[in-house]
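Listed in order, the protein sequences are those of chains A and B. The first sequence lines up with residues 142 to 357 when you count with my numbering. The second sequence lines up with residues 22 to 100 when you count with my numbering.
Because the hints were derived from the structure by calculation, they are not lab data. Be aware that a few hints might be false.
As the list claims (entries may be wrong) - With a straight-line Cα cutoff of 27 Å, these simulated DSSO-like cross-link-like pairs (lysine-lysine) come out:
hint, chain 1, residue 1, chain 2, residue 2
1, B, Lys26, A, Lys348
2, A, Lys297, A, Lys351
3, A, Lys297, A, Lys340
4, B, Lys26, A, Lys177
5, A, Lys340, A, Lys260
6, A, Lys260, B, Lys26
7, B, Lys26, A, Lys351
8, B, Lys26, A, Lys340
9, A, Lys348, A, Lys297
10, A, Lys340, A, Lys351
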Amino acid sequence: MSSTTATVRGALRASPVATGSAVLDPESQELLHSLKSSGRAYDDACARLHALLLRGARYEVSRRRRGLTGAEADALATEAADDALLAVLRRLDDFRGLSKFTTWAYKFALYEAAVKVRKHAWRDRELPLEPDVLGSLHGGSPGPEEDVEMRERLEKIAEGMNDVLTPHQRRVLVALAVNGVPIDVLAERLSTTRGALYKTLHDARAKLRKHLEETS
Amino acid sequence: MEDPKTNELLGRLLGPAGPEIGCDACFEELDRFVDLEAAGQDADAAVPGLRAHLEGCPACREEHESLLALVREDAGSAG
């Protein structure tokens, strides 16, 4: 655990609150109980939790390395585990006992690690936000095996992107769905959140589906 | 014959056909969903719309894949 994390976690001690009616497995129960205690038991539980989160973060980083060196991967996993520890301690009272505590905690580590890997991979890259919609969708000349009906569908989608989407919806859809920009990277560059961007994407997709229905 | 790349692009542009939850709800429910899946129970019935969201959101999909794999690995090493 980093020294910064060790300093901050003292301020994040959760109040003892019942987790709901679900029956916890003994391991979850013991760890959760210790994280709501104080003194040595609390410190030991934080160290165990951090080790668990580090395992999760390393697991995710190793699955999605995306050009990271060994040292970068280690540093990134440690940073992700530190951030996940803070998130877990901050949200301890939100744990409802509907899963194993370890599964609940792991998801914070995987999330932190995945976001950091995506941002790292795109750190020096310009985002392709301005759409050449038809060009992007066609991606050059269609292969001989490309279905004519499917090509017509793409043309209608390109038409819909120009006609029924707002400029923001079009920009988000092109970046995420056509150019493969990771949603967390786009969220950071546009100063918004993953959830808000996905809502924009969802609405844009719904409009395109409707446009396809109406023009088919 | 359908071109898989074009088909994939269509999928990314149009997203899942059915109702889906958003990224925030997905994160809140992901641990329960994965534990149910790992236990062989009906996760889709317990959390409607999460599977569709995973189809439409590559970031949440990656995190789901990792969490399920990690939980299964832990269960394997414990067993």
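Evaluated hints:
| no. | hint | verdict |
| --- | --- | --- |
| 1 | B/Lys26 x A/Lys348 | holds (23 Å) |
| 2 | A/Lys297 x A/Lys351 | holds (11 Å) |
| 3 | A/Lys297 x A/Lys340 | holds (22 Å) |
| 4 | B/Lys26 x A/Lys177 | violated (51 Å) |
| 5 | A/Lys340 x A/Lys260 | holds (21 Å) |
| 6 | A/Lys260 x B/Lys26 | holds (25 Å) |
| 7 | B/Lys26 x A/Lys351 | holds (23 Å) |
| 8 | B/Lys26 x A/Lys340 | holds (25 Å) |
| 9 | A/Lys348 x A/Lys297 | holds (12 Å) |
| 10 | A/Lys340 x A/Lys351 | holds (17 Å) |
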